[in-house]
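Student: Residue-level listing of the chains:
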Amino acid sequence: MNLDMNPSYYVQNLTKVYGGRQVLGIDRLDIHPGEILAIVGPSGSGKSTLLRLLNFLESPSAGAIGFRGEQFEAGKDVSLEVRRSVTTVAQRPILLNRSVRANVEFGLRLRGQRDSAGEVRSALEKVGLAALEGQPARTLSGGEAQRVALARAMVIRPDVLLLDEPTANLDPYNVGVIEDAVRRLNEEQGTTVVLVTHNVFQARRLAHRIALILDGRIVEVEKSEAFFEHPKDPRTSAFVRGEMVY
Amino acid sequence: MIFSGDSGLFEIVLLSLRVSGIALALSTLIGIPLGAVLGLGRFMGRRALVALMYTGMGFPPVVVGLFVYLLLSRSGPLGRLDSPLVPDLFTPGAMVIAQCIIAFPLVAGFTMAAVMGVDPGLRQQVRSLGATDWQTTLTVLLEARVGVIVSIIAGFGGIISEVGAVMLVGGNIEGRTRVLTTAIVLETRQGNFDLALALGAILLAITFVINVAMLRLQGRAFSE
Numbered sequence: 009m010n011l012d013m014n015p016s017y018y019v020q021n022l023t024k025v026y027g028g029r030q031v032l033g034i035d036r037l038d039i040h041p042g043e044i045l046a047i048v049g050p051s052g053s054g055k056s057t058l059l060r061l062l063n064f065l066e067s068p069s070a071g072a073i074g075f076r077g078e079q080f081e082a083g084k085d086v087s088l089e090v091r092r093s094v095t096t097v098a099q100r101p102i103l104l105n106r107s108v109r110a111n112v113e114f115g116l117r118l119r120g121q122r123d124s125a126g127e128v129r130s131a132l133e134k135v136g137l138a139a140l141e142g143q144p145a146r147t148l149s150g151g152e153a154q155r156v157a158l159a160r161a162m163v164i165r166p167d168v169l170l171l172d173e174p175t176a177n178l179d180p181y182n183v184g185v186i187e188d189a190v191r192r193l194n195e196e197q198g199t200t201v202v203l204v205t206h207n208v209f210q211a212r213r214l215a216h217r218i219a220l221i222l223d224g225r226i227v228e229v230e231k232s233e234a235f236f237e238h239p240k241d242p243r244t245s246a247f248v249r250g251e252m253v254y
Numbered sequence: 007m008i009f010s011g012d013s014g015l016f017e018i019v020l021l022s023l024r025v026s027g028i029a030l031a032l033s034t035l036i037g038i039p040l041g042a043v044l045g046l047g048r049f050m051g052r053r054a055l056v057a058l059m060y061t062g063m064g065f066p067p068v069v070v071g072l073f074v075y076l077l078l079s080r081s082g083p084l085g086r087l088d089s090p091l092v093p094d095l096f097t098p099g100a101m102v103i104a105q106c107i108i109a110f111p112l113v114a115g116f117t118m119a120a121v122m123g124v125d126p127g128l129r130q131q132v133r134s135l136g137a138t139d140w141q142t143t144l145t146v147l148l149e150a151r152v153g154v155i156v157s158i159i160a161g162f163g164g165i166i167s168e169v170g171a172v173m174l175v176g177g178n179i180e181g182r183t184r185v186l187t188t189a190i191v192l193e194t195r196q197g198n199f200d201l202a203l204a205l206g207a208i209l210l211a212i213t214f215v216i217n218v219a220m221l222r223l224q225g226r227a228f229s230e
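Protein chains in written order, with the numbering used here: chain A, 9 to 254; chain B, 7 to 230.
Hints may be right or wrong, so weigh each one.
[To be verified] If you want the footprint, here are the derived chain A segments under chain B, 3+ residues with CB under 8 Å:
1) 80-92
2) 95-102
3) 105-116
4) 159-167
[Said to hold, decoys possible] Here are the in silico distance ranges between beta carbons for each label pair:
5) Arg225/A with Ala219/B: 21 to 31 Å
6) Leu88/A with Glu180/B: 49 to 59 Å
7) Glu78/A with Thr61/B: 47 to 57 Å
8) Gly250/A with Pro126/B: 27 to 37 Å
9) Arg29/A with Gly82/B: 51 to 61 Å
10) Ser245/A with Leu144/B: 49 to 59 Å
11) Gln121/A with Ala57/B: 54 to 64 Å
12) Arg24/B with Asp85/A: 22 to 32 Å
[As the list claims (entries may be wrong)] Away from chain B, derived, C-beta distances all over 12 Å, residues of chain A:
13) Asn21
14) Gly33
15) Arg36
16) Ser51
17) Ala70
18) Asn177
19) Pro180
20) Glu233
Honestly, the hints are just simulated from the structure, not real lab data.
Fair warning: this is a prediction, and the values are worked out from it, not measured in the lab.
Virtual Cβ for every residue (Gly too), placed ideally from N, Cα, C.
Isolated chain B (complex conformation) (with noise of 0.2 Å):
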């Protein structure tokens, strides 16, 4: 099936790919600015967003596929409203979210860990030669780069992993839904031990080649 080009699996690793891609950009546009805020802000309820972040970052998958199940079921606070911008149960959509909510958190509290990492007064002498707030974000951002980076690397780890949160609302649907963990959960119930096996070697390569593309940003991040 793997060395014959088989168009099935081809379709399960490029699914697999576009939801958990598609899934961290939005957890990293989310997570980073929600991040740099709870890192360098001092607010009233700052303690409980962190607090609310650290449960976040340990959440069950499985839990958060219950929850959005719930939220997108045609009887849930968001199915009901049948909006074009709300996904069906059982679509590439519906996992986007589920993994979203799992990564969003883990991005953002390493990105505030790594923030919060940087010299303090590195702020007041970015300020002192004239930076904007934004500017003065930004800098300190790109000074904890390689923190942020783990960042991506840890939410990234969370979601393209993950099997009950896409398999409860995404349904495992084969040509619609199925991603890799999800059809490798069938192959090992159906007992075809060596096509789940390489499902799995599959998922591992794609996981290493991505860890390594961000690391060797790391690594340039470092020897700067």
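Looking at chain A on its own, in the form it has when it is part of the complex (with noise of 0.2 Å):
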């Protein structure tokens, strides 16, 4: 992954107003092919809302998102195509009252194609769930539950992953086998990840590059190692001590 290629995916000038009030005004984001960038954060930061643009779920107010060569701004029509090469994980896992296996499999169905060459047992492989595939939805933990939400995108093989608190009120094994699946995909797969999260060390376990986004603003975006050890903004260095109480 090479962190200085163009970026294929980007927002510029991107504001969101909910009711009169801004929530969120980015300037300019990079996301560069295969990285994982996480996007920390207090609550209530616009973190999710940006998700949401991103994943083309939400118009912008006004700017632009840049996507696979083409811009995309307010009130602009976004292909399925291009809706369908990005997909989240949100923080609570919304399955559907069917088995394990239908909802892996889901995504693949939307699309009118079948679990041909098992790709379904595959994903829930990679989550630790394959003992499960017959099982009810319904009947799982919570854990469970976000991992198979995961196992459900990764099927579809998307272009970029958007990941909003995956692991948030999750106990450390769930954790670690979601970590572990995504730093997976990522290498293997090369998955662009963008993973929203207010865990600063999920952020270093996982990130190739860090943004910190304050007031729906990004205050500043570098690689792991520099945004933990050299920030240059002091509101980053107050982040990362854990000074910044909301």
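With the hints as a guide, bring both chains together as one complex.
Tutor: Right under this line is the structure:
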């Protein structure tokens, strides 16, 4: 993964306004192909809003998102093909009231594909849940449900995987399984990952680069080591030291 | 009459099932998409439509019968068209229209409630996985399938036992528009209480069997 490559995915002069209040205002953020970019920041800083925009689930109020050589501005239609190359694993796993297997296969079925190469089984093995393939999803624990949600996203082989606090409230074992699966997905398939978290330790463990977002604005984006060892902005230093209390 | 396999009775049962079956099928085709749109969509006039639908859910069948009668009568706005698409009064087609108007608000209303009960985050999650609008709506409907089946049961219950509207627009003509409920009314008026009770038992049995079949379907949805 080369961080000096031209970004294929970026946001420029992006703003999002809800009810007259601007919750996001980012001048520029580049996401390089094949990297894991962590976006850290306190609750309510606009991290999840940014992910929804990056997933084209909402339209920006102004500005643009660049992806695959195209610019998507406010009100511009995003093709299904573009939308289908990005997916999100949300903080709260919402599974269908079907079997674990049906849940993981869901994205393939949306695309009119069948699990001909055993991709569902393979994805479940990567999150350590192959044994629960036939079980109803509603019987899973919170950690298992989140692992199924990750397998469901992995099976469709997205170009970009967006993770919104994927391990919040999970025990260390489930955190480890999810982090390992994300790392392997990035290394083996070159999937670009954008990880939103308020856990700086997780960001340090997983990310190649880290961005700090405060009040909807990017404060600093640095390679992981530099972010922690030599932050340029005093607010980054304060956040890393845990002094930024909201 | 029941045990001897009377052909007149057989005709009545068959017509009851045909009229209510077609009306329920049409109501389901109209009511489920309408319920989904009202439950998931946010558009101008939605509240007014919901209020109209709720009114329809409590509409007295005999008033529905009166409206359909006036619409289809020779001097009515549809009757005077003399179109092959518009059924004549005192035909099974007119009865189907009346029952459809009674059942579809019930199907739509219960479907709307069912889809509104689905986790709102599911839609965003499904879209994030690459679903089109149509696939998203279908997924939400499938997640709400227990409630959607209840909506069909409610619609069926509303029409199979209904008498006022079919009496008005069907006329209870022997061999043409006589169904179980209107036959019960007739036999009761003539003092044939044994026969009226027997017809009532058949109606109850049909309702029971169909509801058991739908509950089995619902049970499967529960256990998935």
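Student: Report holds if the minimum CB distance from Ala70/A to chain B is greater than 12 Å, and violated otherwise.
Tutor: Correct as stated: the minimum Cβ-Cβ distance to chain B is 22 Å, above 12 Å.
Student: Is the gap between the beta carbons of Ser245/A and Leu144/B within 49 to 59 Å?
Tutor: 50 Å, holds
Student: Would you say Asn21/A is clear of chain B, with no C-beta pair closer than or equal to 12 Å?
Tutor: 24 Å, holds
Student: Is the nearest Cβ of chain B still more than 12 Å from the Cβ of Gly33/A?
Tutor: 23 Å, holds
Student: Evaluate the given range 49 to 59 Å for the C-beta pair formed by Leu88/A and Glu180/B.
Tutor: 58 Å, holds
Student: Could you check the hint for me, namely that Gly250/A and Pro126/B are 27 to 37 Å apart, CB to CB?
Tutor: 34 Å, holds
Student: Taking a Cβ-to-Cβ distance below 8 Å as contact, does the segment 80-92 of chain A have at least three residues touching chain B?
Tutor: This one holds; 3 residues, not fewer than the three required, reach chain B with a Cβ under 8 Å.
Student: Minimum Cβ separation between Ser51/A and chain B greater than 12 Å?
Tutor: 18 Å, holds
Student: Once the closest CB in chain B is found, is it more than 12 Å from Asn177/A?
Tutor: It holds; Asn177/A is separated from chain B by about 16 Å at its closest Cβ, greater than 12 Å.
Student: Taking the beta carbons of Arg29/A and Gly82/B, is their distance inside 51 to 61 Å?
Tutor: 56 Å, holds
Student: Holds or violated: is the Cβ of Glu233/A farther than 12 Å from all Cβ atoms of chain B?
Tutor: 32 Å, holds
Student: So the hint says 47 to 57 Å: do the beta-carbon atoms of Glu78/A and Thr61/B match that?
Tutor: 48 Å, holds
Hint check: violations occur at hints 5, 11, 12; the rest are consistent with the structure.
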